[in-house]
Amino acid sequence: MKKIVAISALILLVACSKTHTTQMKSGPIATAAIGALVGGITAGQFGSGAGQLIFTILGGALGAGVGYSIGEQLVPSDLSRFRDSAKFAMDDARDGELYNWTNPSTGVAGTIKPTRTYYAGENIYCRDFEAKIAVNQDIGEASSRACRVAGGPWYLEPNV
728 MKKIVAISAL
738 ILLVACSKTH
748 TTQMKSGPIA
758 TAAIGALVGG
768 ITAGQFGSGA
778 GQLIFTILGG
788 ALGAGVGYSI
798 GEQLVPSDLS
808 RFRDSAKFAM
818 DDARDGELYN
828 WTNPSTGVAG
838 TIKPTRTYYA
848 GENIYCRDFE
858 AKIAVNQDIG
868 EASSRACRVA
878 GGPWYLEPNV
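Position in the sequence shown (from 1) plus 727 gives the number in my numbering.
Take these hints with a grain of salt, some might be off.
[Unchecked claim] BS3-like cross-link-like pairs, simulated, lysine-lysine; straight-line CA separation at most 25 angstroms:
#, residue 1, residue 2
1, K840, K859
2, K814, K840
3, K859, K814
[As the list claims (entries may be wrong)] Taking CB as the label site, the calculated pair distances span:
#, residue 1, residue 2, range
4, E849, D818, 18 to 26 angstroms
5, D818, G848, 13 to 21 angstroms
6, Y845, D865, 29 to 37 angstroms
Simulated from the structure, these hints should not be mistaken for laboratory data. The beta carbon of each residue, even a glycine, is placed where N, CA and C say it ideally should be.
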């Protein structure tokens, strides 16, 4: 079953973040709570003012969904691999270039493909991209947009 919402939330939670939790082995309710907490804290690091509030709310809600649906299948090293791969793809991959990643410890794998690069305003550099992640028998996929201001850290656009 495709987990489009799950991969969108995963992208929001880890693409630009260094926040991690310990392994999630405590059951769906506990992982939903951990996901909501990590999502809220992580997403709150993006944007400023009202934008930061929106990221915090979305991150918390989507984090709970990820925690409940696939949280038990992912470990911090999976999230770290995804985050590092997303940053590399945004920084260095050409449009249309597929960047593959795998966590050899768990077998979790995915792809990130930037599809369009452009300037969205004064000093705002953006990249549209597609991402997929395979966890056991589940494959999630999503499209999103990452932007950064004047060489700063990447952040995800919430309305893509």
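Results of checking the hints against the structure:
1. K840 / K859: 9 angstroms, holds
2. K814 / K840: Holds: K814 and K840 sit about 12 angstroms apart, inside 25 angstroms.
3. K859 / K814: 15 angstroms, holds
4. E849 / D818: 18 to 26 angstroms: 21 angstroms, holds
5. D818 / G848: 13 to 21 angstroms: Given range 13 to 21 angstroms: holds, Cβ gap about 20 angstroms.
6. Y845 / D865: 29 to 37 angstroms: 32 angstroms, holds
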